[in-house]
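Place chain U on chain X using the hints.
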Amino acid sequence: MFEYAPAPESRDIVDIRPSYGLFINGEWVEPQGEERHKTVNPATEEVLAEVAWAGEADVDRAVQAAAKAFPVWSAMPGAERAKYLFRIARIIQERARELAVLETLDNGKPIRESRDVDLPLVAAHFFYYAGWADKLSYAGFGRRPTDGQGGSDPRPLGVAGQVIPWNFPLLMLAWKIAPALACGNTVVLKPAETTPLTALAFADICRQADLPPGVVNIVTGAGETGAALVGHPGVDKVAFTGSTEVGRLIARSLAGTRKKLTLELGGKAANIVFEDAPLDQAVEGIVNGIFFNQGHVCCAGSRLLVQESVADELLEALKRRLGTLRLGDPLDKNTDIGAINSAEQLAKIRELSAAGEAEGAERWSPACPIPDRGYWFPPTLFTGVAQSHRIAREEIFGPVLSVLTFRTPAEAVEKANNTPYGLSAGVWTEKGSRMLWMASRLRAGVVWSNTFNRFDPTSPFGGYKESGYGREGGRHGLEAYLAV
Amino acid sequence: MTTPLAEVASSPSTLRAFLHGLPGVDRVGADARAAMLGTRSIKTTAKKQAIDMAIGMVDLTTLEGADTPGKVRAMCAKAVRPDPTDSSVPPVAAVCVYPDLVATAVEALAGSGVKVASVATSFPSGRSSLEVKVADTSLAVAAGAAEIDMVIDRGAFLAGDYLKVYEEIVATKEACGDSHLKVILETGELATYDNVRRASWLAMIAGADFIKTSTGKVSPAATLPVTLVMLEAVRDFLAATGRKVGVKPAGGIRTTKDAIKYLVLVNETAGPDWLHADWFRLGASSLLNDLLMQRQKMATGRYAGPDYFTLD
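As you go down the protein sequences, you meet chains X and U in turn.
Residue numbering for the first sequence is 1 to 484, as defined by UniProt numbering.
Residue numbering for the second sequence is 1 to 312, as defined by UniProt numbering.
What the hints contain is simulated information worked out from the structure, not anything from laboratory work.
Incorrect hints may appear among the rest.
To be verified - Derived lysine-lysine pairs resembling BS3-like cross-links, with alpha carbons at most 25 Å apart:
no. : chain 1 : residue 1 : chain 2 : residue 2
1   : U       : K43       : X       : K333
2   : X       : K68       : X       : K260
3   : X       : K348      : X       : K465
4   : X       : K135      : X       : K260
5   : X       : K319      : X       : K333
6   : X       : K431      : X       : K415
7   : U       : K257      : X       : K333
8   : X       : K319      : U       : K244
9   : U       : K217      : U       : K43
10  : U       : K164      : U       : K244
11  : X       : K83       : X       : K38
12  : U       : K297      : X       : K333
13  : U       : K257      : U       : K217
14  : X       : K465      : X       : K415
15  : X       : K333      : U       : K48
Extracted from the complex, chain X is given alone in its bound form (with noise of 0.2 Å):
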């Protein structure tokens, strides 16, 4: 045998602080009322620091600091707005380390994943959209034709009150602040609750940066402040990722305004194997699509659709793939599934998985090791699953995968279509006409062709149907921070 010793990343590197305020104009401030609430990590249940929940008084003062900052900051030449997302964007490349230990910390996800994908994209992020901002003319929205000299760039929004979800914290900050600061608007961001360090770290970097007051402002708390966010008659634009029953209020109470919005939220994505698959890479895809992040991935591949005539080959391979995952502490950086982000997502995986078994469906774990403390839930599969079951049309968000089966291409887009969601799809076929028909049909605003999970900054990313609407990333993600 070959066992790996524990490699545990160091966590000296961070400095986290007993208590944190809030990000308002350039400063920490500290809330008006009392309430305060601790984050733990969820690999351990330690707490980690104290953090304010933000009332409609501090929003409401990090709105106005929002608002005040924006006429210098739109009125600045993209070129110069470009500078400090540069700058933003090698600091944390230099900050790379400390980052991905304080997000393994906060979340629970494996370091690798944390130091190996989110940190590289948080920062790619940012570059992506340093290099728009003195390019916006060119960006295919029209010019403004108001100024006589041949016009100006499109006009931002305003303020942008942005609500991000806890699976990817600081990735999905870099998705919300770099396209919003790079058109010109000024922001101000909630953080969830679970996971709000890297936010309140990425304060920090705005002043090394020296980020002009208000241009950033990050508000801690709950689903209270994010609606007195999002409710804020200062706000002039909404972006929210996460679930589509929150999305639903969202767009409900801005229903009639003049607020603009864009909504990221829930999927259900069916991961297609065709007989002809390069099977021992849609393995490694399977396993990317579902077991990443523990599953916490609103575009993760939680519908594995196998063609019968490969069927038991997969799930043979997928089985003996599932026994080579470690689990187990985050910050080792070895471990491939880390914790569950806390205690109330735990039991909603439990709750969905016991559905499955009560509905009829077959259940599978590795054998795996389970720590003592914390928030912890095996890699999961089950087989004999039915379109009807809840587990198969129900978001777990959680790493546990439906197994279905299909005979045919037709029958397989009408099942990967058959959601109410439609965020993303992958297949996996060598045959490349076939990868083309697929594609066309599928309801998804992402469809991924022999791999999963992919993101890339120049790539928009954004749903069909209730997986909200919008898109992130690339060139189209301008068009939701503009006025066109």
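Below, chain U without anything else, positioned relative to chain X:
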């Protein structure tokens, strides 16, 4: 062979149909998987274990036109006792030489347990007649080689003449008698991972005891993704036939860090059952000194200068 695969090579068309019926390999995915496994962090006790494991898997190799009996004898001494100052260092698995130097190596290694491997079949290009290749093999076997590292006819493979490649392996295997046969695919010339998978299966069906990546004379030689594809092949071949075949990456593996990446690849692809010199070898020459240097560093906490490790 008492497997359902015995019929596969009954005609060019059945052989072709079988090899082309194997699942394809997606290059991007295979590269990504190998790169991910390359990030495994092997430290402290695991590193110690890995270093000794790697030393015991080395096929210490010299394949130069300038090779002499003196050079081979020096290398054999190193193979038996890699670090003269530390008797706890295990010997390497084998030495690998040209056929005409097998007798020298056999004599130098008598009683040591270190095996003698010989390249054969008009190594490295394989461009000769089957008669010459078989004679080359017989020469090495007669001189006492316990292992034969043959090369496949890459020209025939790329031309689609799989049966020719198959028949040459079968003939060489026969000439080997009791000696083990390693089949060198020369993956750098096969170019695609699909070809690597097909050539792996072709060699195994024809009776290879080991499949080996490279001669070391062609660049690229061994790479992690190519070795990954070959490890998948031996894993699947065992499941299909019940026969276990070994894997030997060779060429370009120079550092302990590289060697450990290969061991991780074996551990998480074919499985820990392959982590033994009977089933996994590292074809290398300069690697051994780096392994010794890292081993000593782990024991003493200090790096000794390169002059403290013998050059042979």
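To see whether the hints hold, each was checked on the structure:
no.: 1; hint: K43/U x K333/X; in the structure: 11 Å, holds
no.: 2; hint: K68/X x K260/X; in the structure: 20 Å, holds
no.: 3; hint: K348/X x K465/X; in the structure: 24 Å, holds
no.: 4; hint: K135/X x K260/X; in the structure: 23 Å, holds
no.: 5; hint: K319/X x K333/X; in the structure: 23 Å, holds
no.: 6; hint: K431/X x K415/X; in the structure: 20 Å, holds
no.: 7; hint: K257/U x K333/X; in the structure: 16 Å, holds
no.: 8; hint: K319/X x K244/U; in the structure: 21 Å, holds
no.: 9; hint: K217/U x K43/U; in the structure: 33 Å, violated
no.: 10; hint: K164/U x K244/U; in the structure: 24 Å, holds
no.: 11; hint: K83/X x K38/X; in the structure: 36 Å, violated
no.: 12; hint: K297/U x K333/X; in the structure: 22 Å, holds
no.: 13; hint: K257/U x K217/U; in the structure: 22 Å, holds
no.: 14; hint: K465/X x K415/X; in the structure: 15 Å, holds
no.: 15; hint: K333/X x K48/U; in the structure: 18 Å, holds
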